[in-house]
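S.K.: Can you build the whole structure from these sequences, using the hints too?
Chains as they are written, first to last, in the numbering used here: chain A, 1 to 402; chain B, 1 to 291.
Derived by calculation from the structure, the hints in this document are not laboratory data.
Careful: at least some of the hints might be erroneous.
27 Å max Cα-Cα, derived DSS-like pairs, lysine-lysine [stated by the list, open to error]:
1) B:LYS135 with A:LYS209
2) A:LYS257 with B:LYS135
3) B:LYS135 with A:LYS231
4) A:LYS59 with A:LYS383
5) A:LYS75 with A:LYS299
6) A:LYS59 with A:LYS101
7) A:LYS43 with A:LYS75
8) A:LYS75 with A:LYS400
9) A:LYS94 with A:LYS43
Predicted, not measured: the structure shown is a model, and the values here were computed from it.
Read off the chains here:
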Amino acid sequence: MMKESGPVTRRTILKGLAASAGIAAASVFVPPCFAVGQTAKIKFGLMLPYTGTYAALGKNIDDALRLAISQRGGKVGGREVEYVVLDDESEPAKGAENANKLVARDKVDFLIGTVHSGVAMAMVKVATDNDTMLIIPNAGAAAATGPACAPNIFRTSFTNWQPGFAMGKVVADRGQKRAVAVSWDYAAGRESIGGFKEGFASGGGNVEKELLLPFPQVEFQPILTEIAALKPQLVYVFFAGAGAVKFVKDYAGAGLKNSIPLVGAGFLTDGTLEAQGDAAQGLETTLHYADGLDVAKDKAFRPAFKKATNRDADVYAVQGYDAGQLLAAGLDAVRGDMKARKELVAAMEKAEIDSPRGKFTLSKAHNPVQDIYLRKVMGLENKFVSVAVKALADPARGCKMA
Amino acid sequence: MSDRVIFFLIQVLNGVQYGLLLFLVASGLTLIFGVMRIINLAHGSFYMLGAYLAFSFAERTGSLWLAILIAVPLMVVIGLALEGLLFRFLYVRDHLYQVLLTYGLILSLEEVRSIFFGDDVHGVRVPDLLNFSVKLTPTLSYPVYRLFMSAVCIAVGAGLYLFINHTRVGMSVRAGALNREMVQSLGIDIAVIYRLVFALGVALAAFAGMIAAPVASVFPGMGNQILIISFVVVVIGGIGSVKGAFIGSLLIGLADTFGQVFARQIAGMTLYMLMVLVLLWRPAGLFGRTS
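M.R.: Structure (structure tokens):
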């Protein structure tokens, strides 16, 4: 009876000793700087919206990231991956608490998230306080790679400033001088309009009026009336989701579409075209991704994503996929050793990501330096027209690393 | 007329048109409170359900009119069922219980919406018959469907007025709102009256969602936005007063529009400032009874 319930005998101890001696001997033969041979899985904490308005975005990011890892045989840096998934509900009030759960309770090696800027900034705070590695696969808040930038914080998406600046350049190059800018009165909208103003001003253009509505109001009629009275040469808008659908339809309904061109950051017509119908046809937007890109990686990625998920890839999927690629670039370089933090960060900083959007590198502030495309709505696609600005870097104002 | 005057008048039109749509939602809210003393936080969810049903049926039948014809009776049935299964137990309870129940309903209905219709944003086509605009200025046109919406709201408002003030059932409704026991002892089945009013309120909110669907587009959480504004309307108008809801809606519609035009910095606050002013002047709202 004693023997069965107490398995620790002299023999097992001897076996254990022999085994550990073997491991110790084996480790002599590997390069000394990385503690290779860690068989434990590496933990990725995915903090994304799986319910609510942004659920579809979160799901695409998640699936594409897993696709990137599974294309590498399910391993990064020689270690298998364990995903810890947490629904952030796009709820900024719960952001810090949720991120802390992943860091303190689940002890994840990497925090990955999220879509909503407010939640992402809470994650930045937690990552900074705990010195946890963080990759942001969407949220475009300037601060994350601006004043709050840090060696452990990376982003594979964009800043709100980037598409805005590119569109400003495009219309300024066409010789236009007078614009009106419209958005909700929140950080993303103000940052996007800020970028547009800068790009527009670089070509001598001037934003005569900024019409900002309280978030998330969608009663646009007074604003449309004011636009008609101001008669600018064009209107730049930043809206996403339901607001984008409604604004585009109302703009067309007010008869403004043909007399005053409407342009915007890509989110105006991304994932919304079915709902917008005819009202969106021909609209021009700028973004770091487009339909019909002549990029080999894109041509491989789209069918692969479709096969894995039965859904069409979009910009969010691309950003998630590239988060996976960035993780792999860093972890492969240090052979999965999270303790080699300096080398890990250096490898990620140097990585050239072969993205479906086209190759990109990271700026000193850890934000993509990427081509911004001009796209035009045709049918249900945002068709590539031209490269609006090549290798555009966010100015990363306030970042000490830049 | 000078340009400035024309654009001013167009903004008035914008305000009135927005106000009339608010009235359609707020009237049901105030009716349910006025008659049954129920604070119905789920009212906005009925607006959302109406919009999603309109989208779904219009998609299948190809006609918004047909969709409304099917969806309104369906919402009446849902209203009757909810009253019979849940609300009728709350008439004698404290308001706190009602808030708990109706808040729970918001969450449940949002989940039901997610299961049946998903989380996507949808657009509903404006019916072909009304899918054109009238030119107001060389640059600005006004979609005829918006004018049509206003006409419908006025018609529903007039119908509601006639029903409450000039029919026998309406008389019982008014009496029931004043003194439940007395009405009961006169041999009128108050339970039936309540059920009817509740279903009517639900149908009004849903109907507003349906006819607003082509211009508002259809999205998760759309009910919460309109719920808050509707409560402001009801409080300004006087809780329980349909006439008050009408005046309150127009005031809010205009305040919101001109807030955006003249005071953009505080546009988010104009509604609430108006509410504060009205309540300072008349604590029970414009047409509210002080008890």
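S.K.: Are the hints correct? Go through all of them and say.
M.R.: Each hint, compared with the structure:
1. B:LYS135 with A:LYS209: With Cα atoms ~24 Å apart, LYS135 (chain B) and LYS209 (chain A) stay inside 27 Å; holds.
2. A:LYS257 with B:LYS135: Holds. LYS257 (chain A) to LYS135 (chain B) sits at ~14 Å (cutoff 27 Å).
3. B:LYS135 with A:LYS231: holds (15 Å)
4. A:LYS59 with A:LYS383: Satisfied, since the Cα-Cα distance of roughly 24 Å is no more than 27 Å.
5. A:LYS75 with A:LYS299: Cα-Cα ~24 Å, so holds.
6. A:LYS59 with A:LYS101: holds (20 Å)
7. A:LYS43 with A:LYS75: holds (11 Å)
8. A:LYS75 with A:LYS400: Roughly 34 Å between the alpha carbons, so the hint for LYS75 (chain A) and LYS400 (chain A) is violated.
9. A:LYS94 with A:LYS43: holds (22 Å)
Hint 8 from the list above is the single one not met by this structure.
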